[in-house]
Amino acid sequence: MSAPVVFVPLDSAARSVGADEVAEAIVGEAAARGHEVQLVRNGSRGMFWLEPLVEVATRAGRVAYGPVGAGDVGELLDAGMLDGDPNRLWLGATEEIAHLKRQTRFTFARVGVIDPVSVADYEANGGLAGLRRALEMSPQEIVTEVTKSGLRGRGGAGFPTGIKWQTVLDAPSDLKFIACNADEGDSGTFADRMLMEGDPFSLVEGMAIAGLAVGASEGYIYVRSEYPDAIATMAAAIDIAYLNGWIGPSVLGTGPAFDLHLRVGAGAYICGEETAMLESLEGRRGMIRAKPPLPAVAGLFGRPTVVNNVLSLATVPPILVQGAEAFSQLGVGRSRGTQVFQLAGNISHGGILETAFGITLGELVEQIGGGTATGLPVRAVQVGGPLGAYLPTSRFDLPMDYEAFAAVGAMVGHGGVVVFDGTVDLSRQARFAMEFCAEESCGKCTPCRLGSVRGVEVIDRIIAGVEREANLELLEDLCETMVDASLCAMGGLTPFPVRSALQYFPEDFEATNAVPK
Amino acid sequence: MVSRTTSSYIGWSKERTVEIVERHAGERGPLMPILHELQDVFGFVDPRAVDVLAEALNFSKADVHGVVSFYKDFRSELPGASVIRVCRGEACQSMGAERLAAHAREQLAVDFGETTGDGAITLEQVFCLGNCALSPAVMVDGRLKGRIDEGLFDDLVARVRSQAVK
Numbered sequence: 001m002s003a004p005v006v007f008v009p010l011d012s013a014a015r016s017v018g019a020d021e022v023a024e025a026i027v028g029e030a031a032a033r034g035h036e037v038q039l040v041r042n043g044s045r046g047m048f049w050l051e052p053l054v055e056v057a058t059r060a061g062r063v064a065y066g067p068v069g070a071g072d073v074g075e076l077l078d079a080g081m082l083d084g085d086p087n088r089l090w091l092g093a094t095e096e097i098a099h100l101k102r103q104t105r106f107t108f109a110r111v112g113v114i115d116p117v118s119v120a121d122y123e124a125n126g127g128l129a130g131l132r133r134a135l136e137m138s139p140q141e142i143v144t145e146v147t148k149s150g151l152r153g154r155g156g157a158g159f160p161t162g163i164k165w166q167t168v169l170d171a172p173s174d175l176k177f178i179a180c181n182a183d184e185g186d187s188g189t190f191a192d193r194m195l196m197e198g199d200p201f202s203l204v205e206g207m208a209i210a211g212l213a214v215g216a217s218e219g220y221i222y223v224r225s226e227y228p229d230a231i232a233t234m235a236a237a238i239d240i241a242y243l244n245g246w247i248g249p250s251v252l253g254t255g256p257a258f259d260l261h262l263r264v265g266a267g268a269y270i271c272g273e274e275t276a277m278l279e280s281l282e283g284r285r286g287m288i289r290a291k292p293p294l295p296a297v298a299g300l301f302g303r304p305t306v307v308n309n310v311l312s313l314a315t316v317p318p319i320l321v322q323g324a325e326a327f328s329q330l331g332v333g334r335s336r337g338t339q340v341f342q343l344a345g346n347i348s349h350g351g352i353l354e355t356a357f358g359i360t361l362g363e364l365v366e367q368i369g370g371g372t373a374t375g376l377p378v379r380a381v382q383v384g385g386p387l388g389a390y391l392p393t394s395r396f397d398l399p400m401d402y403e404a405f406a407a408v409g410a411m412v413g414h415g416g417v418v419v420f421d422g423t424v425d426l427s428r429q430a431r432f433a434m435e436f437c438a439e440e441s442c443g444k445c446t447p448c449r450l451g452s453v454r455g456v457e458v459i460d461r462i463i464a465g466v467e468r469e470a471n472l473e474l475l476e477d478l479c480e481t482m483v484d485a486s487l488c489a490m491g492g493l494t495p496f497p498v499r500s501a502l503q504y505f506p507e508d509f510e511a512t513n514a515v516p517k
Numbered sequence: 001m002v003s004r005t006t007s008s009y010i011g012w013s014k015e016r017t018v019e020i021v022e023r024h025a026g027e028r029g030p031l032m033p034i035l036h037e038l039q040d041v042f043g044f045v046d047p048r049a050v051d052v053l054a055e056a057l058n059f060s061k062a063d064v065h066g067v068v069s070f071y072k073d074f075r076s077e078l079p080g081a082s083v084i085r086v087c088r089g090e091a092c093q094s095m096g097a098e099r100l101a102a103h104a105r106e107q108l109a110v111d112f113g114e115t116t117g118d119g120a121i122t123l124e125q126v127f128c129l130g131n132c133a134l135s136p137a138v139m140v141d142g143r144l145k146g147r148i149d150e151g152l153f154d155d156l157v158a159r160v161r162s163q164a165v166k
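If you read the protein sequences in the order shown, they are chains E and L. No gaps in the numbering here: position 263 of the first sequence is 263 in my numbering, and each next residue is one more. No gaps in the numbering here: position 26 of the second sequence is 26 in my numbering, and each next residue is one more.
Treat the hints as calculated values from the structure; they're not laboratory data. All figures in this text were calculated on a predicted structure; none of them were measured in a lab. C-beta atoms are modelled at their ideal positions from N, C-alpha and C, and glycine is treated no differently. Watch out, some of these pointers could steer you wrong.
These stretches of chain E come out as covered by chain L in the derived footprint (C-beta under 8 Å, 3 or more residues) [unchecked claim]: (1) 80-94; (2) 312-325.
Derived DSSO-like pairs: lysine-lysine, alpha-carbon spacing no greater than 27 Å straight-line [what the hints assert, rightly or not]: (3) L:72 to L:61; (4) E:444 to L:14; (5) L:61 to E:444; (6) L:14 to L:61; (7) E:291 to L:14; (8) E:444 to E:291.
Take a look, some chain E residues computed to stay more than 12 Å from chain L by CB distance [said to hold, decoys possible]: (9) 49; (10) 141; (11) 243; (12) 385; (13) 450; (14) 473.
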């Protein structure tokens with residue numbers, strides 16, 4: 001009988017709370033007891049309150065334990081963990097854990113299940129089937145399939161992926177590019193990181209398919225430097241993909257050439273904006289470009305370029321395997337398919353939840369997230385990153401749907417939800433939004449560069465009670481100018497958190513040390 | 001990108017710089033990969049490298065300097081033996097990151113971007129490390145840490161300092 005297989009995540013968040021120490025303890029303590037174990041470092045299942053989550057493969061399937069500390073390992077082994085026996089950290093069959101069971105894992109099907117850089121695991125779990133199918137299709141057929149699926153850009157803007165691909169396919173050029181935006185800089189979002197660390201081949205496969213679809217022979221993945229583990233795993237995956245002939249001179253040995261390069265950002269939030277990212281890839285300052293021309297027409301090095309987010313690209317292989325219909329039948333309104341929602345901040349059960357669009361904000365935060373980690377009532381949530389609106393619990397009935405959020409001056413963005421309890425001061429958060437914009441603005445347009453600095457100043461005066469009414473009016477004017485006149489989303493969306501904080505939490509802007517007029 | 005301790009960095013070498021530039025010369029838009037490698041090897045981007053890069057890549061010195069100075073990651077001087085980055089993103093704020101950030105500055109007696117007098121630690125702020133469900137997060141020499149309160153921060157600092165002594 002072969003040694004029992006034990007899974008301990010290599011995901012950087014799991015490592016951040018001791019997964020490496022647990023893995024080491026399992027190997028050491030098992031050896032001390034004369035047991036052999038086969039240790040597999042998988043991605044994370046995305047239930048971070050249970051990390052480090054240890055799984056053991058048994059005849060009846062995988063059994064989970066968590067959260068396991070290195071100090072628990074001896075006791076767990078003595079209590080029959082290697083046979084999947086129950087004990088105080090026993091969670092039962094992994095697949096039966098309620099939080100996992102209620103999910104529809106489409107993009108994240110393999111994350112947490114497989115060894116991220118095992119070719120055998122990847123292929124045994126449906127990997128490469130999408131690329132193989134793409135090789136049997138014409139470029140137009142691939143683009144049509146993606147369009148029919150209703151997939152929209154997962155980076156935040158929600159632009160239909162198929163329409164973008166069609167533009168690049170139709171653009172005449174002897175050289176085209178696929179650029180993957182992996183500069184996931186929004187606080188509260190970590191799904192790109194988890195995918196790159198937990199199933200990097202799916203991104204390689206998605207990019208190769210995009211290459212076939214639009215006639216691009218080169219791809220670039222631009223990863224933020226704040227993700228060293230994702231960079232290392234992605235780099236290893238690309239090397240393995242080359243070695244196995246998945247990419248390179250001929251995709252899977254029968255297709256056209258597709259080369260894939262990994263590039264690393266350098267701490268500029270603005271490079272998550274697609275045109276600033278292209279500038280950075282070209283070796284320049286990350287200054288945004290005015291659009292038009294669209295990157296699909298004149299993008300990287302002036303060539304037609306598909307710029308897609310990590311999750312958008314990684315969702316394409318399962319769409320090709322299961323068909324556009326399998327994806328488009330999920331969701332609500334014009335938000336089709338699943339989204340990998342991320343529950344973050346002051347939340348009891350933080351992590352990811354992949355499910356169809358349409359689930360309400362309240363279900364995500366209260367039912368699935370279990371409310372705050374501190375146990376105090378939820379006061380505010382920020383959805384969609386630093387440029388997303390702050391919403392009160394009275395908005396918990398909002399369905400997670402691009403259009404429903406846009407209708408109330410909010411955005412779904414990348415699907416990140418950051419939860420705050422009653423200790424939050426929304427005037428501070430509004431001020432921070434302006435401060436962050438001032439810090440991260442590329443400086444190209446005035447509303448963003450100067451408006452944000454002015455915004456900090458004006459909010460300070462409002463809080464201090466200096467000419468409150470006049471300054472509130474000024475702030476609204478400023479927000480309007482930033483929304484209307486900024487060249488990109490940085491300046492254009494910064495007013496969202498500011499305005500929403502004012503709208504829903506006006507009491508936080510009452511002067512604490514009011515100066516009489 | 002991958003942080004190391006100061007001892008593994010080598011001193012300025014024009015030859016090594018030229019070698020790095022030449023290795024990347026065939027790539028499209030090679031400047032960023034070159035700058036990252038220079039920083040990995042030397043610990044920072046030496047102003048002397050700007051001249052070498054400008055000449056080798058046929059850019060003006062101003063262009064190269066403009067790129068180096070735009071990106072926060074590129075340092076102009078050698079960092080401390082360890083680099084500790086404290087996340088100040090909103091998710092971490094919701095779990096007390098501002099308190100942690102103030103504590104870190106006070107405890108190390110430096111502001112963000114500065115190095116302690118003994119050269120042991122460079123303290124930096126960062127906006128999101130992608131550990132938003134285990135806030136507050138910090139990164140110590142490229143290793144992510146989660147649920148870090150003031151006490152755990154002090155433990156990390158103590159560990160880093162004891163390693164520096166060894």
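Structure-based check of each hint:
1. Only residues whose beta carbon comes within less than 8 Å of a beta carbon in chain L count, and the segment 80-94 of chain E has 0; fewer than three means the coverage is violated.
2. Residues of the segment 312-325 of chain E lying with their CB closer than 8 Å to a CB of chain L number 0, which falls below the three-residue condition for coverage.
3. A hinted pair counts as satisfied when its Cα atoms are at most 27 Å apart, and residue 72 (chain L) with residue 61 (chain L) qualifies at roughly 19 Å.
4. For the given pair, residue 444 (chain E) sits about 34 Å from residue 14 (chain L) by alpha-carbon distance, which is inconsistent with the 27 Å threshold.
5. This hinted pair checks out: residue 61 (chain L) and residue 444 (chain E) have alpha carbons roughly 21 Å apart, not beyond 27 Å.
6. Taking the CA atoms of residue 14 (chain L) and residue 61 (chain L), the gap is near 16 Å; set against the 27 Å cutoff, the hint holds.
7. Distance hint between residue 291 (chain E) and residue 14 (chain L) is unfulfilled; the C-alpha atoms sit about 41 Å from each other, more than 27 Å.
8. Taking the CA atoms of residue 444 (chain E) and residue 291 (chain E), the gap is about 13 Å. The hint holds against a cut of 27 Å.
9. With a minimum CB-CB distance of about 8 Å to chain L, residue 49 (chain E) fails to clear the 12 Å threshold, and the non-interface call is violated.
10. With a least beta-carbon separation of about 30 Å from chain L, residue 141 (chain E) lies farther than 12 Å from that chain, consistent with its non-interface assignment.
11. With 12 Å as the threshold on Cβ separation, the claim that residue 243 (chain E) sits away from chain L holds: the shortest Cβ distance comes to roughly 20 Å.
12. For residue 385 (chain E), the shortest C-beta to C-beta distance to chain L comes to about 8 Å, within the 12 Å cut-off, and the non-interface label is violated.
13. Under the 12 Å C-beta cut-off, the non-interface status given to residue 450 (chain E) relative to chain L holds; the minimum distance is some 19 Å.
14. Distance to chain L confirms residue 473 (chain E) as a non-interface residue, since its nearest Cβ pair spans about 27 Å, more than 12 Å.
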